[in-house]
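2 protein chains.
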Amino acid sequence: MSLIVQKFGGSSVANPSRIKNVAGRVNAYRKKGHRLVVVVSALGDTTDELLKLAAQLTQKPPGRELDVLMSAGEQISIALLAMALKELGCEAVSFTGWQVGIRTSSSHTRARIHHINPNRILEALKEKKVVIVAGFQGINSCNDITTLGRGGSDLTAVALAKALEADACEIYTDVEGIFTTDPRLVKNARKIKKISYEEMLELASSGAQVMQSRSIEVAGKYDIPLHVRSSFKKNEGTWIVKEAKLMEDVLIRGVSVNKNEAKISVRGVPNRPGIAAGIFKTLADKSINVDMIIQNIGKSAANTDISFTVPKGDAHSAVRALEAVSRKIGAKEILMDPHIAKISVVGIGMRSHAGVAAAMFETLGKNKVNIEMISTSEIKISCVVKQADAEKAVRLLHDKFKLGK
Amino acid sequence: MSLIVQKFGGSSVANPSRIKNVAGRVNAYRKKGHRLVVVVSALGDTTDELLKLAAQLTQKPPGRELDVLMSAGEQISIALLAMALKELGCEAVSFTGWQVGIRTSSSHTRARIHHINPNRILEALKEKKVVIVAGFQGINSCNDITTLGRGGSDLTAVALAKALEADACEIYTDVEGIFTTDPRLVKNARKIKKISYEEMLELASSGAQVMQSRSIEVAGKYDIPLHVRSSFKKNEGTWIVKEAKLMEDVLIRGVSVNKNEAKISVRGVPNRPGIAAGIFKTLADKSINVDMIIQNIGKSAANTDISFTVPKGDAHSAVRALEAVSRKIGAKEILMDPHIAKISVVGIGMRSHAGVAAAMFETLGKNKVNIEMISTSEIKISCVVKQADAEKAVRLLHDKFKLGK
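Those protein sequences? They're chains A and B, same order as listed.
For the first sequence, our numbering gives the first residue as 6, with consecutive numbering after it.
For the second sequence, our numbering gives the first residue as 6, with consecutive numbering after it.
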């Protein structure tokens, strides 16, 4: 009898009829004899609606109170799911974060899980109950309510799987699994059966937002098999596992596209030590996440151009923050372009096979897709292209690397 | 510097603009130097909306999960009020029931408060913060969330006032205080300045539903002055205090009317010991609250008629439950009449002044209002009349006892 942690996102429990659907699936698993711990997010748009209420009261809601507010959302869904299960004759019990001792760091709205006390859950499992746990929330050392940031329910599920030594952690979502690329862009995109944590992390950070990155990291660290699958269809989804457990050795696992970044270039920067540090410290002070960073020699050897990408929403405040620095260091100009897309190919096969980069650049070049920036990791190559070229680029690369099978 | 507990009901915090209004009032008090603990209910119809969601999932929601569900409502309002106060520059901190150790009995949906640990609140008050506490909720000895039943936030406020040894407990509501009778029925109804706990209890149980009865009982037991007043107007409301503290000695404090009961008569019951017990045990087993009970000799001395009132909503199930018993004991028939009203006059002056009952019956009789049932307590006389006569009866009695001044 396996112990399985199942996580259902907000869209899976958006309304009573969907909650019934989830209860039906959970109950079917229960009947097979599995021991189940079910993590749920807040109903559909609840979190956004609560934030809207807060926004009518203040522009800067204090983090502590935001967490009290938002965590009410999951409290509602755990109670409703427990009711729906009992209605099916399935014994179930719901717990909030504090009730199962999910202890976190103290930083509100983006706390990290430090520890989970599994006793109360284990007791309930022993009583043959399905245990339902509120995702996204915990408490810090002052017993104040904390939340784990966007996608935090994934993290709750993975951390519970670790604390309970579960056999697997299933992430139910509104897609059928991880695809070789976005199926809305490429018709013959294929569902991936198995993928390694590392590949999934690279795909997630390059735009395939099925799961929160930190959860994949934690699952990888503790070797917890993740199964990403549909809340609405019965067939298997995608397993995220240790590299060693992958049967097939493919070169490229998938192609992702990210249209949520903007490119900023600081041009004509004097080529002196410490200049780059000055620029990126300014952005870090504003809590702006910088992704790709490229430094090129500019037109004159004494000057250099520094380009990087930031989330589109932060682009204007990044430019404003840089204007002062730019004057101080004597840079020539700051350019910002929001109409870009980052295309990435990801695969652990790259480690042992040369030539992926060459094939990627050649494919794009031959087809008149101009590459504006390049960055690489051990198992990923990303190119920034014009946003208008994004879909064409994805289709070309998906074909080139034979991902449609 | 007094320590005051203030309670705001759901209609006082129904939406962001009303929450701002409450924050403004609290802040004004804070500026006067008072130490404040504010208890809030769930926003407007939140509780009903949550119950509607539950009803879509099951006809018999388990009490434990109902409490998890409903308590989310107050968690939302405490966070929002804390935000609104901080926006005004007033330091505030919100606490759920479990965070301030509101320990209750284990009976879900109608738990009783056993104990409150005041430490965390006292600490926050020391830090000059306004403390906001979720009404209506607590935890039992298993750390399961419990709720206190309808009007439970009043009880939270009173229990906190007791635990913190507060100087007063203010109940903010959508009426301006307690009136000599319902101002919608009688134009010259007057706001009462001071009333005793006992009088308020009798008025509450006879239909003036401004405050939950149990809270008045507890406040009386511990001699906590209650101030019932409007959330929207500044003027003083009604103080509920110890009888000894009442200055004026009036005969009748108020007239109340209750149209929410139905009369049931079991006629032709054999006059044997144990028969009445059989009838009322049947109703108790169905958790039907019986109010007035009258037993008369019937047409023959061997028979008796037993009449009583029950909440209108329970009338049909009471009749059904009694049908079997009635056959067993050989009663003649069961009659049910939902078109009645209970009119009560209440006043501690009755204790020392005879003749109130006579004056009441005479007034009604002279004006052709037929009295169907009578019951009395030390400080209350209630008559059941036809519902069509209710308003006329109230007006007559309000005049007779000169309550309009």
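The hints are simulated quantities; they were obtained by calculation from the structure and are not laboratory data.
This one's a predicted model, so the numbers in the text were calculated from it and none came from an experiment.
All C-beta atoms, glycine included, are put in the ideal place defined by N, C-alpha and C.
Hints are supplied without guarantee of correctness; some may be wrong.
Each pair of labels, with its calculated beta carbon distance range [stated by the list, open to error]: (1) K333(B) to S7(A): 36 to 46 Å; (2) H119(B) to S111(A): 47 to 57 Å; (3) S7(A) to A60(B): 30 to 40 Å; (4) N20(B) to A393(A): 24 to 34 Å.
Simulated crosslink set (BS3-like; lysine-lysine; CA at most 30 Å straight-line) [to be verified]: (5) K134(A) to K407(B); (6) K57(A) to K250(B); (7) K250(A) to K371(A); (8) K131(B) to K65(A); (9) K371(A) to K337(A); (10) K247(A) to K25(A); (11) K317(B) to K65(A); (12) K25(A) to K57(B).
Check each numbered hint against the structure and report the violated ones by number, ascending. 1, 2, 4, 5, 6, 7, 9, 10, 11
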